[in-house]
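Student: Single-letter residue listing:
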Amino acid sequence: MKRFLPLIIIAVVLLVAITAGWALMRSQPPASSPISSTETSPAVIAPGAEPPHVRGEASAPVTIEEFGDFQCPPCGAVYPELKKVEHEYGSRLRVIFRELPLVPMHAHAGWAARSAEAAGLQGRFWEMHDKLYENQKAWTDLPDARPVFTSYAKSLGLDMERFARDLESEAVDRRIFLDGKRAHALGVVSTPTLFLNGREVPFETFKLPGGLNELIDAALRGTGP
Amino acid sequence: MMAEPSKARGAWLYGIAAAVALIGLGDAIYLTVEHVTGQSVRCTLISGCSEVLSSSYAVVAGVPLAGLGCVAYFTAFSLATLAAFGYRFAGKLLTVMVGLMLLETLWLLYVQAFVIRHFCQFCLLSALVTFVLTGLVIAQRRRHSLASKT
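Chains as they are written, first to last, in my numbering: chain A, 7 to 231; chain B, 1371 to 1520.
The shape of chain A in the complex, shown without the other chains (with noise of 0.2 Å):
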């Protein structure tokens, strides 16, 4: 029996592991908003932060879904043209942000994209989005950016003790992270990164100046994604 009971205990053990395991897999609330059983997509599995950042019309026939990093040069160069199509065709396009950090690369992105999302939960991200990227050059090789970043706030007029508290909180955290899991699921690995209508768009095709106008035509007149 004696020569047994290590092999006892260790089964004993990976049962238990298999068990607590388990046991806490169900007993996490879900990730966002319900989901249905038979939904098993990426997509659907992992929805990233919930409500996302959304410029424009939830009926609009094209949705751009741009997973950013606020520190990343072709994000920043991809800006602008994006801001020139939400203008050009209004209420016929909607674009959604996701935040995905790529900290190890850029030192700064993770408070730059803290700093979006602690604005956002005064309401204000967008805004702040839209400073971060239109002075990106500014900021990028500074040793510590958090203090632009505090200004920014300020100028936006954002409560700053709030802000200030937020920065750290479970709920940008939270936003985050949900983001870069929606992020691993759809198998991205870099920035910019745009789904147009739920179909991933090269960078190729986008980052060359009219790129994306022809893109949402495309869309538009149904012969695209």
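Quick caveat, the hints were computed from the structure, so don't treat them as lab data. Note that the coordinates shown come from a computational prediction; the quantities given were computed from them, not determined experimentally. We put the CB at the ideal spot given by N, CA and C, even for glycine. Careful: at least some of the hints might be erroneous.
Said to hold, decoys possible - Label pairs and their in silico Cβ distance ranges:
no. : chain 1 : residue 1 : chain 2 : residue 2 : range
1   : B       : Leu1473   : A       : Ala26     : 24 to 34 Å
2   : A       : Ala177    : B       : Trp1477   : 41 to 51 Å
3   : B       : Arg1512   : A       : Lys160    : 57 to 67 Å
4   : B       : Leu1473   : A       : Asp136    : 37 to 47 Å
Using the hints, position chain B against chain A.
Tutor: Structure of chain B alone, referenced to chain A:
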């Protein structure tokens, strides 16, 4: 007469190693479940869990690193348990296993400190567990080599 207490102490060291490995296993199970279910792991002592656990370093070839941690800690627990019951091969394998875990831990600490520049408390707990396991394995090896000299 002297060999028996020494042997018993060796068994206790392995027993402690098995118990310590269980702490690492619990930590790794928690992180794996949070990863799989898409929950946000909240750092209660320090900030940085989101940065670390949503970074590209948290996944290896599509597998959550925490999942690999579960396998590693369960293996360490099993080997330590077998070694505590006198299975010699298990003690040797445990030394190799803990050595590999130590190398991985040092790499991950470097990544957190110098690449991501954020720390995750659950990853630090895992690192502490590996350091303790390393200390126990070294103590056991020293005790073993001293015993074989006498």
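Student: For each hint, tell me whether it holds in the structure or not.
Tutor: Hints and how they fare:
Against the hinted window of 24 to 34 Å, the Cβ-Cβ separation of Leu1473 of chain B and Ala26 of chain A comes to about 28 Å, which satisfies the hint. The hinted range of 41 to 51 Å is not satisfied by Ala177 of chain A and Trp1477 of chain B, whose Cβ atoms lie roughly 32 Å apart. For the pair Arg1512 of chain B and Lys160 of chain A, the supplied restraint of 57 to 67 Å holds, since their beta-carbon distance comes to about 60 Å. Remark: the range hint 37 to 47 Å for Leu1473 of chain B to Asp136 of chain A is upheld by a beta-carbon distance near 45 Å.
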